[in-house]
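> Here is how the chains run, residue by residue.
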Amino acid sequence: GAGVSQTPSNKVTEKGKYVELRCDPISGHTALYWYRQSLGQGPEFLIYFQGTGAADDSGLPNDRFFAVRPEGSVSTLKIQRTERGDSAVYLCATKKTGGPGELFFGEGSRLTVL
Amino acid sequence: DQQVKQNSPSLSVQEGRISILNCDYTNSMFDYFLWYKKYPAEGPTFLISISSIKDKNEDGRFTVFLNKSAKHLSLHIVPSQPGDSAVYFCAARGLRDDKIIFGKGTRLHILP
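Taken in order, these protein sequences are the chains called A and B.
For the first sequence, this note's numbering gives the first residue as 1, with consecutive numbering after it.
For the second sequence, this note's numbering gives the first residue as 1, with consecutive numbering after it.
Just chain A, same shape as in the assembly (with noise of 0.2 Å):
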């Protein structure tokens, strides 16, 4: 497809596991960026990527949170032993370097940690 696309689109997992969200871009698109969403709030920053760099990963809350993009397109957030304050919708969203900010999200990874 044309659109950003993340996977899985649900994931349920037990306190302590360990979580891999996955985030395809729009093809070209060589910022990539993470946000987090909790019921009634707007998107909480966490990392964004130019190219295969992560530029500024000052809203990754702990060391538990770790995102990558080994080859400058696809990115994969990991969340290590759980808790169930992690649980909400993680969004990905791509754009090409320069412009304003026009992002395009995915729809989105809905963790629930029980």
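Fair warning: there could be bad hints in the mix.
[Claimed, not checked] Derived pair list, reagent style PhoX-like, types lysine-lysine, alpha-carbon separation capped at 25 Å:
| no. | chain 1 | residue 1 | chain 2 | residue 2 |
| --- | --- | --- | --- | --- |
| 1 | A | K96 | B | K54 |
| 2 | B | K99 | A | K96 |
| 3 | B | K104 | B | K68 |
| 4 | B | K104 | B | K71 |
| 5 | A | K78 | B | K99 |
| 6 | B | K56 | B | K104 |
| 7 | A | K15 | A | K78 |
| 8 | B | K56 | B | K68 |
| 9 | B | K5 | B | K71 |
These are computed hints drawn from the structure, not numbers from a lab.
Got chain A; can you put chain B on it based on the hints?
Here is chain B on its own, set in the frame of chain A:
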């Protein structure tokens, strides 16, 4: 510490009237401001943006106004239509980088 604030969680407007959504920011180090619209179970979609060197940008029924001295921007929708019912997010892009941060959103209800 929220740098982009939307203080109204919800707003109801009669169909055909003007909807005005407000946003305040605390950091002068933003170069672009953006509005996104979100329907349930979908990702946000870009609506309109404004450069920090402008005070107005218009696109069809949507106009964004920027008041830098007040660190305030607003989105005007006129006339409001039923399909405008959604959550609207204000966002800002950093001056020195591409980091984009969002407000908490305002849910707009267009009443028949």
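> If a hint holds in the structure, say so; if it does not, say that too.
These are the hints, each one checked on the structure:
1. K96(A) <-> K54(B): 22 Å, holds
2. K99(B) <-> K96(A): 13 Å, holds
3. K104(B) <-> K68(B): The hint holds at about 21 Å.
4. K104(B) <-> K71(B): 17 Å, holds
5. K78(A) <-> K99(B): Status holds; Cα separation ~20 Å.
6. K56(B) <-> K104(B): 23 Å, holds
7. K15(A) <-> K78(A): 15 Å, holds
8. K56(B) <-> K68(B): 11 Å, holds
9. K5(B) <-> K71(B): Holds, because 10 Å separates the two Cα atoms, which is no more than 25 Å.
Violated hints: none; the structure is consistent with every hint.
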